[in-house]
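Participant: Please build the complete structure, drawing on both the sequences and the hints.
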Amino acid sequence: MEILRVPPYPVQAVLEVGAPAGTYEYTITDMADLSVTTGSVISSNQSKVVINLPSDYDNEYSILIDDEEHLVTVVRPYVDPNTKGTTASEIAEYKKHEELARAIIDSVVADGFYYKKGVHETVGLGADILPIWPDLRKILAIYENNSLVFDAENAENYSVQYELNKLGIQQKYAGVIDRSESAPNMLPAAGSDMLDLNFVYRGFPKGFDYTIVGLFGYKKLPSEIVRATELLIDDITCGKLDYYKRYISDYNTDQFKIKFDSGVFEGTGNILVDKILSKYLKPIITLGVL
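Per this note's numbering, residue 176 is the first one in the sequence shown, and the count goes up by one each step.
Simulated from the structure, these hints should not be mistaken for lab results. Just so it is clear, the structure is predicted and the values come from calculations on it, not from any experiment. For each residue, glycine too, the CB sits at the ideal point set by N, CA and C. Some hints here could point you the wrong way.
Computed list of lysine-lysine pairs in BS3-like fashion (alpha-carbon distance at most 25 angstroms, straight line) [claimed, not checked]:
#	residue 1	residue 2
1	Lys341	Lys381
2	Lys259	Lys394
3	Lys270	Lys395
For each label pair, taking beta carbons as the anchor points, the in silico distance ranges come out as [to be verified]:
#	residue 1	residue 2	range
4	Ile446	Glu331	45 to 55 angstroms
5	Ser398	Glu244	35 to 45 angstroms
6	Glu268	Ser322	45 to 55 angstroms
7	His295	Lys347	16 to 26 angstroms
8	Thr202	Ser230	18 to 28 angstroms
Facilitator: Here is the structure:
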């Protein structure tokens with residue numbers, strides 16, 4: 176089940192249960208970090224229950240209720256169908272076309288333009304900054320060696336605070352601080368040494384495992400992506416799907432020998448949309464050997 180993250184809020188999942196006017200226990204599993212939330216709800220006279228879900232980000236959930244599991248995806252559309260129709264049928268039709276247009280764009284820009292809750296695992300480098308490769312926008316929780324060291328919902332309970340900068344995550348300091356340009360030298364200890372020279376460096380010690388739970392991606396949808404989606408939806412609505420005709424490079428009669436340019440298998444088919452998306456393409460997806 177896909178639920179669009181659009182006003183009015185909160186986002187609600189409407190599920191069918193076995194009996195009307197009954198109390199049902201439910202369990203929600205957050206598929207991003209596998210956290211679990213439980214609660215109870217009373218069904219309506221139509222044997223349906225309404226469960227509120229977070230409205231600030233895109234995510235996937237598994238809801239177990241009445242011995243049945245429901246997989247729910249909360250996603251922000253690239254164009255709000257509610258703003259493009261006046262009747263229920265018009266909104267439903269535009270919603271269907273928007274879903275298709277969004278899928279086409281996501282096939283070109285692999286990560287899409289979502290604001291997702293996610294988990295990123297990395298290793299400390301012995302510096303006071305923890306570099307983060309993905310587009311992290313907000314820190315929700317930090318685990319150090321599988322131990323929770325920061326929770327944004329209860330930040331006041333932690334002596335060490337964390338914040339984002341242009342490079343990644345750093346510890347937050349109230350006073351003046353001269354940040355290190357490199358990790359300190361770690362001298363190996365000899366068997367006869369009485370003093371252990373291996374110390375824990377302030378920040379993110381080398382070799383420590385870190386798990387970052389946060390929000391990644393686009394907090395606000397770029398306006399040009401909204402326009403690109405509208406262009407694709409217009410093509411779908413008007414039946415302008417014969418893109419292949421634009422890529423015919425050779426045409427012969429007598430048995431209809433037709434040769435297509437290789438570009439017929441690339442992009443969205445709409446040249447204007449492809450131009451808009453071109454600046455969002457990432458040539459390097461994963462660091463490694465080129």
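Participant: Let me make sure I understand: some of the numbered hints might not hold for this structure. Which ones are they, in numerical order?
Facilitator: none
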